[in-house]
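Chemist: Residue numbers (my numbering), protein chains in the order written: chain A, 1 to 504; chain B, 1001 to 1099; chain C, 2001 to 2502.
Derived from the structure by calculation, the hints contain no laboratory data.
The structure presented is a predicted model; accordingly, all values stated were derived computationally and were not measured.
Fair warning: there could be bad hints in the mix.
[Said to hold, decoys possible] Facing chain C, a subset of chain B residues (Cβ under 10 Å, in silico): (1) 1019; (2) 1022; (3) 1045; (4) 1047; (5) 1050; (6) 1051; (7) 1062; (8) 1067; (9) 1071; (10) 1073; (11) 1076; (12) 1077.
[Unchecked claim] Stretches of chain A that chain B covers, calculated by requiring three or more beta carbons in the stretch to come under 8 Å of a beta carbon on chain B: (13) 162-168; (14) 257-270; (15) 274-280; (16) 321-331; (17) 354-364; (18) 434-441; (19) 478-485.
Virtual Cβ for every residue (Gly too), placed ideally from N, Cα, C.
Residue-level listing of the chains:
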Amino acid sequence: MTDIIRMTAAELAAKLTEGEISSVEATQAHLDRISAVDGAVNAYLHVNDAAVDAARAIDERRAAGEPLPELAGVPLAIKDVLVTTDMPSTSGSKILEGFMSPYDATVVARARAAGLVPLGKTNMDEFAMGSSTEHSAYGPTRNPWDLDRIPGGSGGGSAAAVAAFEAPFALGSDTGGSIRQPAHVTGTVGIKPTYGAVSRYGSIALASSLDQVGPVSRTVLDSALLQDVIAGHDVHDATSIQRDWPSMAAAAREGATGAGLKGLRIGIVKELPDSGFQHGVADSFHQSLAKLEAQGAEIVEISAPHFEYAVAAYYLILPAEASSNLAKFDSVRFGMRVEVPGGTVEDVMSATRDAGFGPEVKRRIILGTYALSAGYYDAYYGSAQKVRTLIQRDFAAAFAEVDVIATPTAPTTAFKLGEKIDDPLAMYLNDLTTIPANLAGIPGISVPSGLSEDDGLPVGVQFLAPAHEDARLYRVGAALEHLLVDEWGGPLLDRAPALNGGAR
Amino acid sequence: MSEITPELVRHLGVLARIQLEDEEVTRLTGELDAIVENIAKVSRVASDDVPATSHPIPMQNVFRPDEVGDMLTTDQALQNAPDSDGDRFRVTAILGEEQ
Amino acid sequence: MARAELMDFDEALEKFEPVIGLEVHIELNTKTKMFSAAANPANTENHDAEPNTLVAPVDMGLPGSMPAVNAEAIRKSITLGLALGCSIAPSSRFARKNYFYPDLGKNYQISQYDEPIAFEGSVEVDLGDGETVVVPIERAHMEEDAGKLTHMGGAAGRIQGASSSLVDYNRAGVPLVEIVTHPIFGAEHRAPELAKAYLATIRDIAIATGISEARMERGNVRCDANVSLRPRGTEKLGTRTETKNVNSMRSVERAVRYEIQRQAVILASGGTITQETRHWHEDTGETSPGRPKSDADDYRYFPEPDLLPVAPSEELIEELRAALPEAPAVRRRRLKAEWDFTDLELQDVVNGGLLNEVEATVAAGAAPQTARKWWTGEITRVANAQEREPAALVAPEQVASLQKLIDDGTLTDKLARQVLEGVIAGEGTPQEVVDARGLAVVSDDGALIAAIDDALAAQPDVLEKIRGGKVQAAGAIIGAVMKAMKGQADAARVRELILERA
Ligand SMILES: [Mg+2]
Ligand SMILES: [Zn+2]
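If we strip away everything but chain A, and leave its shape as in the complex, we get:
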């Protein structure tokens, strides 16, 4: 039998159902792996003490003959942006150190109801602001492919945990690429569902009109299985979509057969020329396209003239909404409080927020406060909302011509820790290709496309589809994955270096 930690969630589910392994075994194997390698990776902020108990409860229910959901007993990692009743929820910030939520995020509640076993909470850039997980108040997460490099962000912890076999899959959140870009740099799969496909209730808000919770995994099918568990309308989130979603798992399984590639029209964006990408990234991208073309897909150049304004619009909308969403961290009801002898509550709030927030969070709050201020609103926030309309129109025009759009997921492979931390503008450009999907609300997937020729690090290809067409992404993503894994002779992560030492 293959090592339990190397099994996919789908494989684990099958073996659990067949009784070949127990949930306690599966869970313990992952806890052992965390103990062995997380000291080096720092993917987890908190490991669930009660994981084995939860696993045992599933095993007992199975032994009692209770019919269980498909994924019951499979372990799951949870990004720390999601609140949980049994583990602290910090969103990577000092200001929330030790915070215990009295309620579970809806996706967590649905995961528990599906019998998934929470392994722990994964590291992230503070309040999901960043593309490298270096902005976590609890130290950076390291990329399992090269421990001197970033795992992407903000969901670097979830991606690294999955890439380092510390969890079969994980929950993430994506505001401008926080699921897809970490997937790209860690050789994993990540999906930002259609805005509203998954409830945001209990996801500590960064930018409400951009945030979307989604799955992170090593295979397209595993993400599909997880999206099937967490998606659907939630009365607590008015923006969650009321509709019956088709099975994403069925779409992924169908895609893996290769059916559907013939005649598939794939758009490539004229305004994202190769010159904007690291050579090895562009190269891997074109090789993937060639593979799909060889199977009968058609590559069509489309134009998205307003993409060049996307990063600017994003860095207005996000800070503006974040400045308001993060106002609740004020020392009154929860979280850190800095005492100011003789000070008023205003002094205490200001001192607490000064001490509790990291530099990137302060930068964005101040920027967002500016963008919303009287006299600036129309020029900044108002204009950014209009750019959003223009980008939606670009997508609408493109999707009239093509079924999906393909881009490299990010401009470069994993950069070195510390390389861009002092250059916010350079850091912001990491999200160039992922941001448009958040602005428009459409779904996007990142699937490993290989290793970059120039540095041997993972590269991902991103597919985008019209809103509500998440299943299309799972179909195309699984088709490409199938072709590439066949060519590689095994999953890309088999080529990742072994993680020796670094016990937690």
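Starting from the known structure of chain A, arrange chains B and C with the ligands on it as the hints suggest.
Modeler: Relative to chain A, chains B and C with the ligands alone:
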């Protein structure tokens, strides 16, 4: 040259309730200036005839029935409180007036 | 400014024209809050809840929490908008008003800004002596209430001098509708009265439409009064002050009057009015300066991204419009005519909040004048003594049947008051009280004659006087007979019989 000045940054710090040290004000002024220069280009294409999109997926009239649920116990409400009297949150003296 | 320094009101009115504007917040009586499923303390059944027991995650701004709009609050807001004669927006939306305050769990208030649910209406306000003023409404928008602060360590719970404050989030998220008037011109010396009458009318509308319990003493209805003056003969509006949270009818009238007199002194001496919020002090009858309007009031409004537009269908609006009750001013005019009341008589009933009771009593068969007298007289007297609401003491049907017992001679007025006392004490219907207490008038002349003869025999001197033509001396005999009959006699009949027997 954009309009970001140290005085503006300090004022934004007051609005955002973040006590900024002088060194932070100086650094933020430079950083914001560079960022704002970069993002100000949104107004170039945002003409009057383009409607604003505040919500990416257009929906309306999503309501909740008027039925009681979701309530926390006092213990749950206070479980993370930095200070309380046992059933209310306690804060130090309030300087400003009610809004 | 001490009251003694104020300009005489009439003099102020000679020099200046007052312009007022009123903002009224009404707490809706839905079962749950505006944006959460927590029980609503603006409902009597939850009114006395312990602190922080009516709180859902979003009410205290917990991380990850989100608002979800109460469908019933939307219906009630539309109903109120329609009752104010407003247009209902085909699409309106929520916005965040950002400011830090400890009673605001999220440090922003979800309100409506550029797209309120109702706009441009008017309310007819009756000043009580037949004069009515049409007050123009600018808008009515939905928002959430804030929590409650209790200031500790200072004098009398004041914020000044307090060393700490306690926060209860039960009220946070209670659904509010804020009604904003356009500037009201031309009220002149009646501006203070108009402010009071307007508030009363809004409260009446809230009660008539059933959208709020509208109890002023509980803060269900709260008023901010804007006042400015402009010199006679000028066009430009003067600088205004906003006196916050004036929470009784009487106070609104006094606060507006005070501000007119205060501003007049300053303007007449060449000073300028500071645009600011002011506080009303019930004890001294003065206002004092609060915050000046500054750029700290930069609320950074933006559309609430967690909520979607509200776009009521034409059918819903028409359904709610069809269910609207008669407008209070129209109803009063109709009832005054139907009952043939004087202005004063109607005002008495209205001020006592007894219009519904009198109407129901008349519907149960009583004459309007007798119904009025019962409710504004004896019942109100007992209610005041017991510190209860008149309507809580006795049902209109019982008042009507009590009156019927007087009309058919079963009871005298005095006996009827005793019967009422029994009804209020829960002894049953008026007839049951009459039977149980044996209070009916003795209409048997035989029993009366026996008592009269006894009384005359006992007071021969009085008998002499009566016989001597001093008819008024009969009073002493009447008193004795009534006493002997335990009051259960018709005094007029007793008098007739005395004169016959003497
Ligand atoms: Mg106001
Ligand atoms: Zn208001």
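Chemist: State for each hint whether it applies.
Modeler: Evaluation of the provided hints:
1. With a least beta-carbon distance of about 13 Å to chain C, the hint placing residue 1019 of chain B at the interface is violated under the 10 Å criterion.
2. With a least beta-carbon distance of about 21 Å to chain C, the hint placing residue 1022 of chain B at the interface is violated under the 10 Å criterion.
3. A least Cβ separation of about 20 Å between residue 1045 of chain B and chain C goes past the 10 Å threshold, and the interface hint is therefore violated.
4. Interface restraint check: residue 1047 of chain B against chain C, minimum CB-CB distance 20 Å, threshold 10 Å, status violated.
5. Taking 10 Å as the C-beta cut-off, the interface hint given for residue 1050 of chain B is violated, the closest approach to chain C being about 16 Å.
6. For residue 1051 of chain B, the shortest C-beta to C-beta distance to chain C is roughly 12 Å, which exceeds 10 Å, and the interface hint is violated.
7. Nearest Cβ of chain C to the Cβ of residue 1062 of chain B: about 5 Å, under the 10 Å cut. The hint holds.
8. Hint status for residue 1067 of chain B: holds, given a least beta-carbon distance of 7 Å to chain C, under 10 Å.
9. With a cut of 10 Å, the hint placing residue 1071 of chain B at the interface with chain C holds, because the nearest CB-to-CB distance is about 5 Å.
10. Checking residue 1073 of chain B against chain C by beta carbon gives a least distance of about 8 Å; that is within 10 Å, so the hint holds.
11. Here the hint on residue 1076 of chain B is kept, as its CB sits about 9 Å from the closest CB of chain C, short of 10 Å.
12. The closest approach between the C-beta of residue 1077 of chain B and any C-beta of chain C is roughly 5 Å, which is under the 10 Å cut-off, so the hint is satisfied.
13. Counting residues of the segment 162-168 of chain A whose beta carbon lies closer than 8 Å to any beta carbon of chain B gives 0, which falls below the threshold of three, so the coverage claim is violated.
14. Look at the segment 257-270 of chain A against chain B: 0 of its residues bring a Cβ nearer than 8 Å to a Cβ of that chain, fewer than three, so the hint is violated.
15. For the segment 274-280 of chain A, the assignment as covered by chain B is violated, since 0 residues bring a beta-carbon within under 8 Å of that chain's beta-carbons and 3 are needed.
16. Coverage of the segment 321-331 of chain A by chain B holds. Counting CB-CB distances below 8 Å, 4 residues qualify, and the rule asks for three or more.
17. Look at the segment 354-364 of chain A against chain B: 4 of its residues bring a Cβ nearer than 8 Å to a Cβ of that chain, three or more, so the hint holds.
18. Taking a C-beta to C-beta cut-off of 8 Å, the segment 434-441 of chain A contributes 4 residues in contact with chain B, enough for the three needed, and the coverage statement holds.
19. Proximity of the segment 478-485 of chain A to chain B, defined as three or more residues with a beta carbon under 8 Å from a beta carbon of that chain, is not established by the 0 residues found.
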